[in-house]
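Novice: Construct all of the structure, not just a fragment, from the sequences and the given hints.
In case you want the letters, here they are:
Protein chains: 8
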Amino acid sequence: MSPESVWDAARRARIGLAEAILCEGKTPGQIAAICAVATKDDRHPLLLTRLESTVFAALPPEVRCEADYDALSRTALLGRMPVPGEAARIAVVTAGTSDVGVAREAVRTLAAYGETATEWADIGVAGLWRLLERLEELKRFAVVIVVAGMDGALFSVIGGLLPGAIIAVPTSTGYGMSAKGETALHAALASCAPGILVTNIDNGYGAACAALRILRAARQADL
Amino acid sequence: MSPESVWDAARRARIGLAEAILCEGKTPGQIAAICAVATKDDRHPLLLTRLESTVFAALPPEVRCEADYDALSRTALLGRMPVPGEAARIAVVTAGTSDVGVAREAVRTLAAYGETATEWADIGVAGLWRLLERLEELKRFAVVIVVAGMDGALFSVIGGLLPGAIIAVPTSTGYGMSAKGETALHAALASCAPGILVTNIDNGYGAACAALRILRAARQADL
Amino acid sequence: MSPESVWDAARRARIGLAEAILCEGKTPGQIAAICAVATKDDRHPLLLTRLESTVFAALPPEVRCEADYDALSRTALLGRMPVPGEAARIAVVTAGTSDVGVAREAVRTLAAYGETATEWADIGVAGLWRLLERLEELKRFAVVIVVAGMDGALFSVIGGLLPGAIIAVPTSTGYGMSAKGETALHAALASCAPGILVTNIDNGYGAACAALRILRAARQADL
Amino acid sequence: MSPESVWDAARRARIGLAEAILCEGKTPGQIAAICAVATKDDRHPLLLTRLESTVFAALPPEVRCEADYDALSRTALLGRMPVPGEAARIAVVTAGTSDVGVAREAVRTLAAYGETATEWADIGVAGLWRLLERLEELKRFAVVIVVAGMDGALFSVIGGLLPGAIIAVPTSTGYGMSAKGETALHAALASCAPGILVTNIDNGYGAACAALRILRAARQADL
Amino acid sequence: MSPESVWDAARRARIGLAEAILCEGKTPGQIAAICAVATKDDRHPLLLTRLESTVFAALPPEVRCEADYDALSRTALLGRMPVPGEAARIAVVTAGTSDVGVAREAVRTLAAYGETATEWADIGVAGLWRLLERLEELKRFAVVIVVAGMDGALFSVIGGLLPGAIIAVPTSTGYGMSAKGETALHAALASCAPGILVTNIDNGYGAACAALRILRAARQADL
Amino acid sequence: MSPESVWDAARRARIGLAEAILCEGKTPGQIAAICAVATKDDRHPLLLTRLESTVFAALPPEVRCEADYDALSRTALLGRMPVPGEAARIAVVTAGTSDVGVAREAVRTLAAYGETATEWADIGVAGLWRLLERLEELKRFAVVIVVAGMDGALFSVIGGLLPGAIIAVPTSTGYGMSAKGETALHAALASCAPGILVTNIDNGYGAACAALRILRAARQADL
Amino acid sequence: MSPESVWDAARRARIGLAEAILCEGKTPGQIAAICAVATKDDRHPLLLTRLESTVFAALPPEVRCEADYDALSRTALLGRMPVPGEAARIAVVTAGTSDVGVAREAVRTLAAYGETATEWADIGVAGLWRLLERLEELKRFAVVIVVAGMDGALFSVIGGLLPGAIIAVPTSTGYGMSAKGETALHAALASCAPGILVTNIDNGYGAACAALRILRAARQADL
Amino acid sequence: MSPESVWDAARRARIGLAEAILCEGKTPGQIAAICAVATKDDRHPLLLTRLESTVFAALPPEVRCEADYDALSRTALLGRMPVPGEAARIAVVTAGTSDVGVAREAVRTLAAYGETATEWADIGVAGLWRLLERLEELKRFAVVIVVAGMDGALFSVIGGLLPGAIIAVPTSTGYGMSAKGETALHAALASCAPGILVTNIDNGYGAACAALRILRAARQADL
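Protein chains in written order, with this note's numbering: chain F, 2 to 224; chain V, 2 to 224; chain G, 2 to 224; chain R, 2 to 224; chain B, 2 to 224; chain U, 2 to 224; chain S, 2 to 224; chain P, 2 to 224.
Keep in mind the hints are simulated off the structure, nothing from the lab. Careful, some of the hints might be misleading.
Computed, partial: chain P to chain F, Cβ under 8 Å [claimed, not checked]:
#1 W8
#2 A122
#3 A127
#4 G128
#5 M178
In this text, a Cβ means the ideal position worked out from N, Cα and C, and glycines have one as well.
Specialist: Printed below as a string of structure tokens:
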């Protein structure tokens with residue numbers, strides 16, 4: 002690996018989550034160098050996030066050919082994927098079609114850990130029936146990741162209806178006072194529904210990591 | 002009147018809305034001087050807004066005795082009130098109990114113009130049934146003034162369910178990232194529901210004025 | 002339609018406003034998929050907003066050929082347009098030439114519902130006579146949509162002169178402390194003129210939807 | 002209850018969390034009226050948050066005498082408390098002594114649901130050994146609520162060391178660019194450690210509710 | 002004088018403006034110590050600004066008795082005042098009654114330099130006739146200081162109508178998105194009228210100093 | 002002219018400043034249409050500001066050939082220029098080389114009114130001698146326009162040394178917490194030197210207009 | 002000590018700086034409990050910062066009697082002070098009298114470590130001669146702590162003139178766009194003078210700690 | 002040199018730091034003109050910062066051929082470099098690979114003054130062992146420059162562990178609430194560890210200048 006990086010190989014053992022590569026802000030050369038080290042001894046899949054297709058195209062062929070790249074979520078996965086779990090314990094829902102890229106980042110992160118997630122898109126509160134008709138089904142999930150931009154109203158509506166763990170992922174969808182996701186973020190934080198948890202704007206990856214922690218917490222709690 | 006003020010007596014004739022006195026930032030002396038001039042020739046009620054009870058108590062007795070003061074909305078009304086309209090064409094709803102003061106400011110402003118408003122409090126989305134069970138009734142109003150702080154999710158939920166004119170009044174209710182009403186304000190502006198109109202934070206008075214303009218617009222449109 | 006979208010076909014029946022497609026943040030593929038479903042059973046026009054000409058050019062021919070595209074307002078209309086109403090009940094005015102794109106978005110949205118709007122451009126307060134000489138004519142409209150950026154002074158001046166319903170649309174026109182429309186937005190919210198209602202920055206679409214709600218409110222109010 | 006409030010009695014059945022009373026922004030009269038209704042049929046404890054001692058003192062005696070009031074956390078509990086659980090599954094840690102009030106709000110909220118929490122104070126990163134010497138013990142908890150203001154560095158350090166679910170509660174501790182908790186909040190959201198979840202500033206109550214959701218998620222996930 | 006202060010006695014000779022004492026943030030002891038030195042050798046009046054009445058009351062009698070204190074503008078003047086100029090070359094106008102305190106600070110500062118200013122209050126654009134009927138008179142002034150809060154629309158309207166030098170003083174009048182004067186400030190900076198100059202929020206003193214510089218500039222320009 | 006514009010031909014007679022065209026945010030077609038009308042009857046030069054070279058290149062040849070275009074200041078001048086005044090009464094100084102474009106906008110605006118300005122660049126306070134050695138010369142100007150970005154320290158230093166009218170033009174020079182000119186703007190507004198006047202960020206045009214107003218004020222004041 | 006605190010007794014040995022007590026946000030009881038533990042085994046002085054006089058008065062007598070309390074800097078010192086160093090290697094200068102409290106906090110912190118500092122007040126750039134006449138003397142100090150609010154221009158002027166280490170402490174002095182110290186902070190960060198280092202707003206304590214680190218760095222560098 | 006620039010040749014003699022060219026915001030022509038003058042009489046290396054590779058490529062060949070250009074740090078060095086010092090007294094560490102460009106700017110600035118710096122990359126707190134295993138070595142440096150974006154947690158952790166002078170350089174690394182470096186900046190300013198000093202966002206150049214001042218301070222202090 003380049004002397005510009007120190008791979009935290011012990012992270013998976015320590016906290017159950019492997020290091021991933023945030024590609025934004027890194028040169029193709031830096032990304033390739035990290036990939037080389039990270040995939041050497043590790044049988045687990047390596048996740049690359051916020052990887053623009055132009056940067057992906059500039060990676061060396063040995064990385065590109067190995068990678069399962071998805072343009073919508075701007076993610077790539079390298080290495081052997083785990084066998085997917087049978088039952089989905091996590092649902093990922095979005096308020097609108099524009100939020101699907103972020104949701105997909107969460108779904109693909111979960112897949113890297115063998116978690117199958119159920120994904121429902123475009124159930125925002127402007128057409129409330131879309132949520133209400135899925136309500137009973139949604140109640141069965143241990144964790145619901147809610148992805149929404151603009152006003153972020155979906156976070157509170159879901160928070161008032163579902164008993165499970167709720168992770169709000171505000172997105173930069175919208176314009177003007179959507180403020181690149183800050184309004185949805187603040188709405189999630191100031192929610193009138195109790196116990197909603199929040200991640201950074203557009204952070205589908207972080208939401209998935211949190212969901213994995215929560216599933217582990219369950220086991221740890223010896224319920 | 003004090004040379005510090007010029008009463009816009011023609012406003013009612015010009016735009017159908019009389020000047021009101023925003024008391025915040027004025028001394029009791031200034032308020033009293035304006036009242037003296039404003040009530041001289043005018044048979045209509047005079048409205049004082051954002052009038053703290055301590056400032057009200059410091060007003061001269063001739064103003065205080067005439068006034069119908071309401072501490073919750075921090076408003077006072079001077080002069081003869083019009084006969085209230087029979088049917089309520091405007092509903093004023095709040096997300097929580099803490100928003101009632103602002104809602105009351107709107108209701109009392111409407112009353113000064115003879116408009117009777119129906120008021121429902123505490124129907125926020127954390128308990129969505131409270132809204133849904135009033136839905137059919139709410140659909141009958143020409144204008145619905147929605148008063149909410151914190152996440153402002155109620156604006157979008159109502160905007161997706163009701164066909165009438167909707168006026169969102171964000172309130173400074175809440176703490177932390179409720180940001181003194183800015184989050185509710187931004188959520189109203191960035192709403193995923195179409196055609197929601199917004200006023201300044203805590204501006205129940207302005208919402209009532211806008212509702213009066215809308216009712217007048219109807220007449221003007223010759224529908 | 003793509004599984005990434007759930008078309009809210011019932012919205013028109015529910016609130017009198019059909020779902021529109023906000024194209025910003027969606028891929029051409031996503032837009033085309035939504036168009037396919039939305040136009041299947043619906044005889045009404047479908048509105049696409051914030052559709053950059055480069056994205057429009059990337060849409061499949063079956064969408065492009067059907068569409069009435071306008072570059073200035075970045076809108077497209079698909080489907081049969083309603084017969085335009087005879088008398089204009091809504092005026093759309095702008096402070097400057099740079100605001101015309103946003104105003105046009107409002108005008109075209111209204112047209113999709115058969116509302117003819119009168120459009121006056123460039124009557125900002127730096128040359129106040131431009132407004133004053135149109136004043137008597139403006140007073141005849143039920144609703145006036147005011148589109149302005151920079152200082153947003155036009156909102157308050159009109160608010161002090163006209164009795165009708167006033168919808169302020171702040172625009173991102175200007176530089177420096179125009180702050181991408183935030184100054185005009187804040188000026189509209191903090192206006193010294195009573196009863197001004199405000200939409201998101203550059204939201205001509207939302208202003209038109211609100212105007213339609215107001216006209217309907219009139220009817221509902223049974224005046 | 003006052004017509005200004007609608008008690009959401011069904012909330013506990015619906016999402017497993019009872020409605021609590023946010024006292025800030027409510028008059029003593031409003032608080033008392035809500036207490037009267039909320040405690041009528043309910044055998045569960047009622048939680049009052051952000052209740053200043055001066056407001057508590059202004060409540061009617063029948064509320065005050067029933068209440069277990071704690072000034073540091075500004076909380077009161079009414080009604081019969083559940084039997085505390087034996088093993089602590091949740092830890093609440095603070096960066097400094099000034100954060101203890103918020104931590105206590107979380108601990109008391111958990112107690113209202115029978116959850117015993119272990120509380121460690123003042124283990125901020127300026128003296129890193131204070132955290133490191135508790136590390137093995139902390140690893141045993143299913144959920145760790147981390148309460149920190151100022152730079153919020155503790156969130157990331159714990160996030161890199163512990164495998165369980167981590168809930169970051171930023172506090173308004175500090176001055177200048179601590180910015181009333183915004184810096185800690187932003188640091189939690191932008192954390193370099195994966196899977197940290199965040200609540201509103203000073204929201205110990207919300208963190209406890211989220212922890213309860215997580216414990217329930219475990220059960221639901223049928224692990 | 003206290004060793005905590007160094008009086009800039011040369012300032013009047015250097016730039017034609019004497020040092021004044023900004024009292025906010027200083028203890029009565031510090032203020033008194035500065036007064037003692039500043040008034041020793043100087044025959045000119047000394048100006049104290051932002052001097053709360055409670056702080057004024059805490060000053061030693063030898064300062065208080067000498068001082069001409071005005072509570073509305075929170076200013077005090079010590080020492081012999083110059084003979085007032087005959088003709089007013091500067092007008093100070095306010096948008097509302099709440100702005101009079103700031104205007105008065107400007108008027109009193111000008112008086113300390115022998116400049117008589119004409120003061121008109123409460124001519125905001127909500128009642129535009131109040132401005133228009135004074136327009137011809139206002140055109141005769143070399144400098145017009147405009148004092149306005151809230152939306153700051155008066156700055157642009159005057160800027161489009163008057164040919165003289167215009168100094169905009171935004172005030173902290175208003176609530177919500179008036180944002181303690183920031184909206185008026187931003188509106189003045191982003192004005193659509195050309196050549197408006199702006200001071201800090203509530204800075205009547207600075208506006209007066211600038212007006213004095215402008216009058217001097219005239220002389221210097223040898224017109 | 003296009004119906005999208007209303008030329009304010011009376012502005013020069015009214016306030017002594019002709020309308021200029023802010024090109025940013027306008028299409029080449031809109032700019033050309035305004036030019037056509039504005040130059041028809043007017044013998045005075047027409048100023049175009051914030052005109053990017055790519056937009057200038059897209060203007061029709063009849064506009065381009067007439068225009069005196071300057072890329073650094075992004076300005077164009079059309080029409081016959083007035084005879085330049087002999088003596089410079091206005092100085093334009095910049096803190097750094099990067100600020101020269103904005104300064105040039107001011108100089109060219111002044112030239113359109115026959116005012117010759119003296120321009121000194123790169124005299125920022127990091128090398129204070131550069132200012133101090135020009136100090137005596139600077140004192141002779143009636144108006145000094147100071148153009149500076151980053152920390153804006155030059156405004157206060159000049160304000161403490163020069164007696165003339167001082168116009169601060171903050172620029173968007175710098176990075177990070179230079180905040181696109183906001184830091185320089187705020188420093189100018191909060192200056193410890195009395196009587197500094199401020200324009201919008203990068204607004205060399207506005208500073209020149211203000212300087213022209215000041216020179217006129219002198220004449221008006223009949224000094 | 003209270004179980005709410007863990008005293009970091011090893012800090013002095015580890016980084017050469019003892020833990021201090023930030024009193025803001027702590028109850029008198031919490032402060033007293035920490036004092037009890039911190040002073041038990043330690044012969045060094047204990048520093049309490051941001052200690053309001055009302056809170057100091059509420060401390061138990063055994064703390065109050067031991068303490069050397071200074072109201073201007075809101076600091077208290079407990080325990081035996083070290084012998085002051087003979088030669089001052091650090092200068093603390095302020096722009097104005099209002100900044101002296103913060104400067105005094107730095108001076109008293111340095112005294113707790115035996116460093117004598119030279120203090121000059123009120124040498125802001127509005128009267129530049131006050132700085133220039135002290136320039137040669139200031140050049141002799143290894144470290145200069147500059148304390149300034151409002152525009153923070155003093156930071157850059159000193160940074161362009163002095164070769165030593167410069168620590169900028171922005172203060173919350175000023176009003177309006179002084180923005181509680183943010184403008185001075187941003188000016189220090191965006192300074193045109195190279196190598197200026199910055200602390201939090203009003204953080205005289207932190208500046209002193211940094212100065213102590215710098216003096217130690219010198220020793221460590223083995224120059 | 003172009004009349005648009007005044008080279009501060011005396012700066013090196015005055016404060017020990019030569020003027021450098023901030024290329025951002027300057028045209029290639031302006032940069033080349035400054036280079037021509039700056040390198041004429043000076044034997045010392047000239048530093049160009051924030052020089053994009055496209056701008057570098059547009060410089061005239063006589064500048065380009067002389068220059069040692071580094072794309073990662075966007076810096077160029079012209080002229081004869083000093084002999085590098087033997088022992089590294091300054092360490093430059095980064096939290097992540099994305100921060101290396103800013104660190105390199107610092108290292109290259111130091112090299113221009115003959116200071117050799119030791120550089121360690123990617124030791125952020127998400128993998129705390131990376132820092133802890135270098136701790137003893139880091140303690141030997143007089144100055145540690147810490148370069149970090151996102152949450153900026155590394156600043157506080159290092160501040161609590163190392164006794165030397167610590168310079169925090171926040172970077173614009175990260176997305177969403179990393180806020181282009183503002184979160185890391187605020188975390189550094191609000192750090193719970195005492196005596197951390199801060200520079201502008203991405204200001205590796207400024208950090209190096211400050212480190213040079215600190216080393217000089219040591220000499221000056223006559224330790």
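Novice: Provide an ascending list of the numbers of those earlier hints which the structure does not satisfy.
Specialist: Failing hint: just 1.
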